[in-house]
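**Q** So the protein lines, in turn, are chains A and B.
The opening residue of the first sequence carries number 1 in the working numbering; numbering runs sequentially from there.
The opening residue of the second sequence carries number 1001 in the working numbering; numbering runs sequentially from there.
It is possible that part of the hints are untrue.
What the hints assert, rightly or not - In silico SDA-like pairs for lysine to any residue, Cα to Cα no more than 20 angstroms straight-line:
1. B:K1023 <-> B:L1270
2. A:K53 <-> B:E1070
3. A:K53 <-> B:A1061
4. B:K1168 <-> B:R1123
5. A:K312 <-> A:K329
6. B:K1385 <-> B:A1061
7. A:K267 <-> B:I1142
8. A:K4 <-> B:L1270
9. B:K1329 <-> B:E1215
10. A:K57 <-> B:G1074
11. B:K1101 <-> B:Y1081
12. A:K53 <-> B:A1069
13. B:K1053 <-> B:D1064
14. B:K1267 <-> A:L17
15. A:K267 <-> B:Y1081
16. A:K23 <-> A:D34
17. A:K168 <-> A:E230
18. B:K1004 <-> A:Q144
19. A:K13 <-> B:L1270
20. A:K312 <-> A:D46
21. A:K4 <-> B:R1198
Treat the hints as calculated values from the structure; they're not laboratory data.
Every value quoted in this text rests on a predicted model; they were computed, and no experiment measured them.
There are 2 protein chains.
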Amino acid sequence: MGMKVNHHYQEVKESYLFAEISKRIREWQEKNQDKAAQLIRMGIGDVTRPLPKEVVKALKAASDEMGVAESFHGYGPEQGYDFLREEIQSYYKKFSVQLEKEEIFISDGAKSDLGNILDLFDRGITALVTDPVYPVYVDTNIMQGNKILYARAGEENGFLPMPDSSVKADLIYLCSPNNPTGAVYDRAGLAAWVDYARAQDAVILFDAAYECFVEGDLPHSIYEIPGAKECAIEFCSFSKKAGFTGTRCGYTVVPDKLVFSGQSLRKMWLRRQTTKFNGVSYIVQKAAAAVFTEQGEKEILENIQYYKENAKTIMATLDSLGIYYTGGKNSPYVWMKCPDGMDSWSFFDKLLNEVYVVGTPGAGFGEAGEGFFRLTAFSTHEKTKEAMERLKTLLGR
Amino acid sequence: MGMKVNHHYQEVKESYLFAEISKRIREWQEKNQDKAAQLIRMGIGDVTRPLPKEVVKALKAASDEMGVAESFHGYGPEQGYDFLREEIQSYYKKFSVQLEKEEIFISDGAKSDLGNILDLFDRGITALVTDPVYPVYVDTNIMQGNKILYARAGEENGFLPMPDSSVKADLIYLCSPNNPTGAVYDRAGLAAWVDYARAQDAVILFDAAYECFVEGDLPHSIYEIPGAKECAIEFCSFSKKAGFTGTRCGYTVVPDKLVFSGQSLRKMWLRRQTTKFNGVSYIVQKAAAAVFTEQGEKEILENIQYYKENAKTIMATLDSLGIYYTGGKNSPYVWMKCPDGMDSWSFFDKLLNEVYVVGTPGAGFGEAGEGFFRLTAFSTHEKTKEAMERLKTLLGR
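Here chain A stands alone, though its shape is the one from the complex (with noise of 0.2 angstroms):
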């Protein structure tokens, strides 16, 4: 006797990253309490611009409705509202990708849905992720108990591993804008990618939550590569993309095609999702639907040119310093190479305590991170321009 609990969840690593660089600040702040306010924070990876306008507006008109009988909202589609599913819909089209309204399903953000996909699936099968890492990918699959396998990214490759045939995996993540490294892939490359989990009948977990961030002719979504509806589930948020981080909204993509065993997955999908999700807030969706407007899609393009302009400021200061990164062109995220050889604890050690910058160590995204560095455009322009002439400072070139 005695409850059966899930002992995997004992296998999971409690990570040390963000807890070792908040506990290093900390005591670099006692030490330093005369510079504290010079400290700049180039590691956060989440948005500082506000909501645009737009979306603020939708939100209130959509707490008055609320506050009406008349035009009051009580439980509603679990798998989402039509008015922002369409929507969603209209954006694929974009990029000439056709969905069917009933294949996208409204989240409250694209970490629920990447953790509850495994719902799924059985526990005890094999999880494909680059490395280095988002560590969820990793942590969700470990609480359930399944096998990891690592394709390795590196300067070789341009932080964008290729699939080798003679591994065999049931599920393969790939997260393109990639976090950490910023790396995109291109066509070619996700259809080796699509090419190599159709041969073994394997799942692909498309992270797009960063498809914003894409310019020019880079695929924004995996649906862009034919056969990917037959192998692919998509994963995307407002987050990044609308300034949502606190708000809370997201869609997953789970085509029609996509059937195993006999088991078509959209409809698991909607099974568990009817099951154990109630939908997201009608005054969050309202707020989604806003950003597709005339109005909202010019202000949070604002937005991201406002990252954007971030990036390219880390990216020009690391050009002039002859120093190799991925990212930055597509992504908020630079991935550098850290200076002279050091590692990426020490060179953390050496920003922080020679020019008050705060990054994050590559390391701490997985063992092929080690000896490279993450810098995010999410800061001002002030500071992140003031935070790359003391990187020039301290590297003395």
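Chain B: place on chain A using the hints.
**A** Relative to the frame of chain A, chain B by itself:
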């Protein structure tokens, strides 16, 4: 080879209850277009009163905050903001229940957490539910490949089944006030369940979604019972309390004393939520906090009283007709015995065809629901009174 989908999803029975009700209403409407306007829906399980003004005010103020960089909120704590957890902590003190803030987790609703909590346990364990039952308890367990046992409720036990020590279970679902029966356990009843759970090292999943309807000395929380913190997780929601069915906020209490096989369920749940959830919208949490202000409490009480007035109308009618029922007093649900020994679908048809009133057949909630019928208090005063007049006419007493 081939993807190992969770085949337990195939074992979930499609619920035809609400689909069948819709179909019969549609057929009736087609045949009775002249009477369509007279239809009264007493089967509705959703609130109809708008959000309290104080809540709308909070929603709009928080929306404005989000539109300004200085007061913008990005990612919040996955377990919820302290300002809301502290309000809930204070609320429990009204029932003399002392909770640590860390034991309270803000969620987007009880349904999500009731489903997701199964992550903490092995697949294939045994869940005990009462019959009749809220279908979500059954379906979420079937999806995990868990075994389901039923504790039969009926007239003989006032629809409040007591534990049978010869039955072994890992999880025990209790909902009090109950959906669909409206029956409420007293302290002695809950104490018997707590003793039973502790004797066999089981966990009670206590659904308190309707606690705001409880009057007098009956328990609002299972933690009013000594020993419950050693065996129970409690799920609650602002849905029925404050009309949040479309706004989405709830909370789950996982006490620190819940330790099984050396594992703290609170720590496991914290790990689960930080890995697979990103917290509830800041705006919605501010709205939920407004429920606890003096003005907020006054307004939600007015709404609850409004529904209770409807329940009284229903109860008075059934009393005058000499029909057995449970609920109504501490619940928005009245669970009536079908007159003249009718089965629940026959009574549904009779009510619909002869007096144009819709309710929910008890058989839809499980075998033990046969011969019973659920009426809800969520309609307007006018319609509720009219429906009850028609019921009296129908039964000719």
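**Q** Would you list, in rising numerical order, the hints stated earlier that this structure does not obey?
**A** 1, 6 and 15
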